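J.: Quick note, the sequences are listed as chains A and B, same order. Add 224 to the 1-based position in the first sequence for our numbering, that's all there is to it. 84 is the number that our numbering gives to position 85 of the second sequence; each next residue is one higher, with no gaps.
A portion of the hints provided could be inaccurate.
[As the list claims (entries may be wrong)] If the Cβ cut is set under 10 Å, some of the chain B residues that face chain A in the computed set are: (1) V77; (2) R95; (3) L116; (4) Q123; (5) R346; (6) V349; (7) L351.
Calculated from the structure, these hints are not laboratory results. These numbers come from a predicted model, not from an experiment. From the three backbone atoms N, C-alpha and C, an ideal C-beta is built for every residue, glycine too.
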Amino acid sequence: MSLTRLLARRMALGAVQVFGVVTIVFLLTEALPGDAAVVIAGDAPDPERIAQLRAALGLDDPLGQRYIRWWGELLRGDLGTSLVSGRPVADTLRAGLAPTALLAGVTFLLLPPLATMLGVAAARRPGSVVDRLISSVSLGFYSVPEFASAILLISLFALQLSLLPANALGVSDLLAQPSVLVLPVAVLLIRPLCSVSRLVRAGLVDARQSDYARHLGRIGLSERRITWAHALPTSGAPAVQQVARAVDWLLGGVIVVEAVFVIPGLGTTLVDAVGTRDVPVVQGLAVFFGLVTVVVNVVADAVSYRMNPAAVTL
Amino acid sequence: MIGVEDLTVRLDDRTVVGPISFAARPGEVIALVGESGSGKTTTGLAVMGEFPSGASVAGVVRSDPRRIGYVPQHPGTVLTPSRRVGSLLREVARVRGRAGTESVARAVARAHLDPALLRRFPHQLSGGQQQRAVFALALIGDPDCLVVDEPTTGQDPGHRDALAAELESLREGGTAIILLSHDLALVRRLADDTLVLRLGAVVEQGRDLWAHPREPYTRQLIEAGLGEPPAGRTAAAPTSSPVLRVDRLTAGYGRRGDPVLDEVDLLLERGSALTVRGPSGAGKSTLARCLAGLHQPHGGELRLAGRVTPWAVRARTSADRALVQYVFQDARAAFDPFRPIGAQVIRPVVNLRGDGRAAVAAKLADVAGQVGLEPDHLARRVSQLSGGELQRAALVRALLTRPDVLICDEITTGLDAVTREVVLDLLERMVDGGMALVIITHENRVVRRFADRVLSLELPGLVYAAAQTPSSLPLGSVKWNRRPPGNS
Chain A
225 MSLTRLLARR
235 MALGAVQVFG
245 VVTIVFLLTE
255 ALPGDAAVVI
265 AGDAPDPERI
275 AQLRAALGLD
285 DPLGQRYIRW
295 WGELLRGDLG
305 TSLVSGRPVA
315 DTLRAGLAPT
325 ALLAGVTFLL
335 LPPLATMLGV
345 AAARRPGSVV
355 DRLISSVSLG
365 FYSVPEFASA
375 ILLISLFALQ
385 LSLLPANALG
395 VSDLLAQPSV
405 LVLPVAVLLI
415 RPLCSVSRLV
425 RAGLVDARQS
435 DYARHLGRIG
445 LSERRITWAH
455 ALPTSGAPAV
465 QQVARAVDWL
475 LGGVIVVEAV
485 FVIPGLGTTL
495 VDAVGTRDVP
505 VVQGLAVFFG
515 LVTVVVNVVA
525 DAVSYRMNPA
535 AVTL
Chain B
0 MIGVEDLTVR
10 LDDRTVVGPI
20 SFAARPGEVI
30 ALVGESGSGK
40 TTTGLAVMGE
50 FPSGASVAGV
60 VRSDPRRIGY
70 VPQHPGTVLT
80 PSRRVGSLLR
90 EVARVRGRAG
100 TESVARAVAR
110 AHLDPALLRR
120 FPHQLSGGQQ
130 QRAVFALALI
140 GDPDCLVVDE
150 PTTGQDPGHR
160 DALAAELESL
170 REGGTAIILL
180 SHDLALVRRL
190 ADDTLVLRLG
200 AVVEQGRDLW
210 AHPREPYTRQ
220 LIEAGLGEPP
230 AGRTAAAPTS
240 SPVLRVDRLT
250 AGYGRRGDPV
260 LDEVDLLLER
270 GSALTVRGPS
280 GAGKSTLARC
290 LAGLHQPHGG
300 ELRLAGRVTP
310 WAVRARTSAD
320 RALVQYVFQD
330 ARAAFDPFRP
340 IGAQVIRPVV
350 NLRGDGRAAV
360 AAKLADVAGQ
370 VGLEPDHLAR
380 RVSQLSGGEL
390 QRAALVRALL
400 TRPDVLICDE
410 ITTGLDAVTR
420 EVVLDLLERM
430 VDGGMALVII
440 THENRVVRRF
450 ADRVLSLELP
460 GLVYAAAQTP
470 SSLPLGSVKW
480 NRRPPGNS
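Put together the whole structure using the sequences plus the hints.
T.: Below, the structure is given as structure tokens:
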């Protein structure tokens, strides 16, 4: 199977997945008690006013009709209007996107190289002190939830040592003051780093004992070449898939991290929207997260295929 | 020059090989022959300076591994799966200080590897093509010595001759060759000095043991390997109960290009054997994989015992899966490396036929004994068994499920002459007992024994019409021989 063909099939599958996500988001919102009319009516729920609002918002239309309308609006890029601020949902998302993209992006850039280096270092001599140290420390860190590690890191680096700012309160441009990014990125990085590096190590340990690695050693290739040019690409597919999963996780992890470090990103937007029952914003975010997840996984499949075509099947 | 003096390799108080001594001078071929498990590969690796982990080694090995090309027995596993063959060859050329395409091109030509295949990944090559790629890898940098482990395994006769001729020309060019093989015809043609190994010990060594073997074991080996094969089976009388029928099977890889198999028709009766042969890449394994449901064909219809059956193995019922069993060319890859062989061997019959473990265990000892596998073998893991022992275990696994159709893909190539005859005898008894056999082979000896019907596949584009076609079968890409070839 060629790369183009794999991509075509994966993208077709991705389209189906996006369709499913959008549908599920719509149905879940339907299942919520109350609706937009109730929220807008606010603290004084007058049944008559709620009925008027329902008619005005088209909420009395049959389910199918509203579903089709929801799709029509989505395809035009119209995610609806926030019930709380009255601004278009798309604008609300755009405002929160920049800080989140920055956090997730920096974390994502650091993750693959760091995880690969840790994994390769641990796999060099399986069972050695270095291996055991990396493996046990990463397992330990992996079991610490991010809100706990965030508080630990703040109390150590911000309060005790006063090296880094404790939060981004009052910082308008995160890039202008990169030091505020260090702790949030570290918190986001810890858990995916541990899981990905463990997969890199496991794959590499197996691959280095394989017949081809031994044969290349016999031929005279250096251990370094065998590791980086042969064993790593061949065994790397699970780690690549784990990186893709880490991106999904980053979107969720961002919520806690943004809350702890007071960064006005998508996570904050989501928490606020849920708190105020701003349904269109929640819907918009769910669709956006779903879309990102699907795209990231298609890219991960393409990368896995490029590394080792024999390991990828559809 | 390679020198081995009184080499003994012991593992867990068991002598794997030795004491063994030989010397390979430039332009000489030293052959090590013997059953699977006799210590040939251990000796070959010792020359490369490699020993099983935990082995205690005594004796002297004089060699420079950097100047030796090694061609292992299982070529499929030593090519990096994630690298194109050409890129791998160029990288090795660089490492060996032979940069440039010229040294790669020469090695590729000497190994008879089609340069068009350099763009492919190892999993896109047939077993024979993979071995030629590994051969090319070994020839890069013009080594002083080649250690070649079972080079003719899985090769079609045309390439086998070419390979023998190439080994001869290498020898004339001054390369020493250490040949580990049970292909006695090849050994007799090439070897200057021959060592006969059995259970690690040297039974006999000499330059002229073909004409005057001193030891009974050597005689037995030569008799089985080079003597006249038993007369071919007489074709079973056609019965009215076909166990397997295939109509217009068309199969290939990818959408582009010609199909490998183009409208092949097959009819297998109870107690009959079909031999499939043809050059590497002609679609022998593809045909077998389609029958077993492991490859989805583009078109065609399959009937098992008269019922139309889906191609895909996942869509077949347990009973239908038990009916068609497959023994693979690479037996090592067909077992889980972490569990004892015995537990894996009884798995299919327990799963597919629902037999009780106790009943199967009793049957297992019997069937395993028929191919010379002891309970001790069955308790071991993959890494503790030789290629031939694994091949026999795979056969036992298939036979235990009492299949109607048994597909054997080059299963004799990993076996020494004595064991091969034992296995073929067993297969013949099974066929006489009513099983239908599909046997893929390059070996003329095997063809002669199971030549009720011979299907000769040609490379796509060259299709032979039938010479004699049974009336029930339309003309197709099938060559039918009622008489064994050469036995007119």
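J.: Now look at each hint and say whether the structure bears it out.
T.: Hints and how they fare:
no. : hint : result
1   : V77  : holds (4 Å)
2   : R95  : holds (7 Å)
3   : L116 : violated (15 Å)
4   : Q123 : holds (8 Å)
5   : R346 : violated (23 Å)
6   : V349 : violated (28 Å)
7   : L351 : violated (24 Å)
The earlier numbered hints that this structure contradicts are 3, 5, 6, 7.
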